[in-house]
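Asks: Could you fit the two chains together into a complex? Lean on the hints.
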Amino acid sequence: MLLTLLAVVTIAIVRQRSLFGVVILASIYSFLIASVLIVLDAVDVAMTEASVGAGVSTVLMLATLHLVKTTEMKQVRARLLPLFVSLGTGAVLVWGMQVLPPFGTPDAAIHKHVAPRYLAESIKETNVPNVVTSVLADYRSFDTLGETTVIFTAGIGVMLLLRKARRRGRRDDAET
Amino acid sequence: MNYDLVLRVGTKLILPFILLFALYVQFHGDYGPGGGFQAGAIAAGMVILLAVTCGLDLAHRIAPQSVVQRMVPLGVLVYAGTGVAGILMGKNYLDYSPFSHNSAQGHELGILVVEAGVLITVAGTMTSLFYAFVERGR
Numbered sequence: 189m190l191l192t193l194l195a196v197v198t199i200a201i202v203r204q205r206s207l208f209g210v211v212i213l214a215s216i217y218s219f220l221i222a223s224v225l226i227v228l229d230a231v232d233v234a235m236t237e238a239s240v241g242a243g244v245s246t247v248l249m250l251a252t253l254h255l256v257k258t259t260e261m262k263q264v265r266a267r268l269l270p271l272f273v274s275l276g277t278g279a280v281l282v283w284g285m286q287v288l289p290p291f292g293t294p295d296a297a298i299h300k301h302v303a304p305r306y307l308a309e310s311i312k313e314t315n316v317p318n319v320v321t322s323v324l325a326d327y328r329s330f331d332t333l334g335e336t337t338v339i340f341t342a343g344i345g346v347m348l349l350l351r352k353a354r355r356r357g358r359r360d361d362a363e364t
Numbered sequence: 074m075n076y077d078l079v080l081r082v083g084t085k086l087i088l089p090f091i092l093l094f095a096l097y098v099q100f101h102g103d104y105g106p107g108g109g110f111q112a113g114a115i116a117a118g119m120v121i122l123l124a125v126t127c128g129l130d131l132a133h134r135i136a137p138q139s140v141v142q143r144m145v146p147l148g149v150l151v152y153a154g155t156g157v158a159g160i161l162m163g164k165n166y167l168d169y170s171p172f173s174h175n176s177a178q179g180h181e182l183g184i185l186v187v188e189a190g191v192l193i194t195v196a197g198t199m200t201s202l203f204y205a206f207v208e209r210g211r
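Residue numbers (the working numbering), protein chains in the order written: chain A, 189 to 364; chain B, 74 to 211.
The shape of chain B in the complex, shown without the other chains (with noise of 0.2 Å):
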């Protein structure tokens, strides 16, 4: 099929930037708005838009299905994980102060992780069922 091709070009250029937008959003969650549910819609857009600019073929390159569909449940399982390692560790399940010395940092550390799983089921979630809509309509 053929892209137009200012769409391409203009898709190409701002897509990094889109990416590293979500990471923003990510990483400065603690500090401004954000957190990992924004962070995770931002990302899949960025796949959605190259799907929808360039064919589904680049974005099943940059973001393979089987890829996308196993970060589904491994989002989930990061959060549960960070749970139980509140247990093992001594603590009550989801309390983060043993995960470093210092109880505040600790419970930095838990958040940031807990956010990362939150990114990526978000983000596996949101690109799969683009991906599942597409085949359908194929």
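Okay, chain A solo, but in the shape it has when bound (with noise of 0.2 Å):
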């Protein structure tokens, strides 16, 4: 049911020539796919993906624009090609599933590395009994600064783009 939904928005967000329908269309998918990942319990990412891509990426889409043309520009090249390449990713991708463990088996090799360790020992040695948050915030702690620290350099890198094109474009009207 809900794969349905989401192959209907998809083909909507296709179809659609309007960029203000795309992002409310991409919103629809990003709430979509959060109950899809209820429905795997995985609670804490269906939050990420509510709060961020429904509600924080929807935004600054539609700040994006208010500062661009809305509507979407009328295709020059040949679809053959683009056709071609993602038809061909899909066929890999569904070719490299098929050596993948069936969905949910338990002796899976992800299931036998470190994971029991975590679900064991989480609450005696972090306190915390949450373990996706300890596995999070303490035993891969290296990868979650690393992700901050990715927030922090895109978050700089943009702020700077958008502030630079102002100020040229306030020299450009005091010579003009």
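Hints are computed from structural coordinates only; laboratory data are not their basis.
You may find that some hints are simply not true.
[What the hints assert, rightly or not] Some chain B residues near chain A, calculated using beta-carbon distances under 8 Å:
#	residue
1	Asp103
2	Phe110
3	Ala114
4	Ala153
5	Gly154
6	Ala158
7	Val187
8	Val195
[Stated by the list, open to error] Which residues of chain B face chain A? A partial, calculated answer using Cβ under 7 Å:
#	residue
9	Gly108
10	Gln111
11	Ile115
12	Ile121
13	His133
14	Val149
15	Glu181
16	Ala189
17	Val191
18	Met199
19	Leu202
20	Gly210
Each residue gets a CB set at the ideal place from its N, CA and C atoms; glycine is no exception.
Replies: Below, the structure written as structure tokens:
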């Protein structure tokens, strides 16, 4: 049911020419993905998807649309090559899925490595019952530091881009 | 500019609850779903909602641009500083065990501080990105 809705929204996004509509549909897509993640019991990820994917990024996209034109340009190149590339990528992904263990197998390789230790020792070692938090901020704390730095770098980059362009625009106004 | 009365009043009514929910997600992240990242996004969403419905000036008053922009590097510094504090107390980088007499309590404390760092950076980045877009559009 959810996957059908996802497919419907995706087709709607592809067919939509108005970028405003695309942004709103992408927000709906994020909410659907969040619901899928809840069904898969990944509540933390679902929460992130709902707040970041559907909330903040929609607002930022709308703010971008405020700066640029809101209708998609007519296509100039042939559509055959992109179609071929996406079909090829899809085929490779499906082919790769054949060697994955079936969904939910308890003895898959990923569940045998360090996961049992985290589940068993998390409360004893960190006093934190939510294993997602203890893995994120303690066992895998270097990764999270990296993620925070990525957010920092990306934010600074976008802010510098927007600010520099603004200043140059002002100088042009003064000269003309 | 004139903003819609219903939206303005409604926003002001739910604003404290959004902030409370962000704090709940932040500090309850140890026990339930959530953490610094999600809480930061919710807090930034609160400021953006205020800016959209009641005007940018009001948003600037409760979250001044200078403060928000300083939050971006501050959060990373809090996170990295927690790691350095671990070194100074004679353990490895980002090892939280020396923060308290009991190793598990130290870990709990370390997770709290690190999550606060994530919250500060995420909320600061998202709010100042929104401010940057709005400034550019003027």
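Asks: Any of the earlier hints contradicted here, and which numbers?
Replies: Failing hints, ascending: 5, 6, 13, 16.
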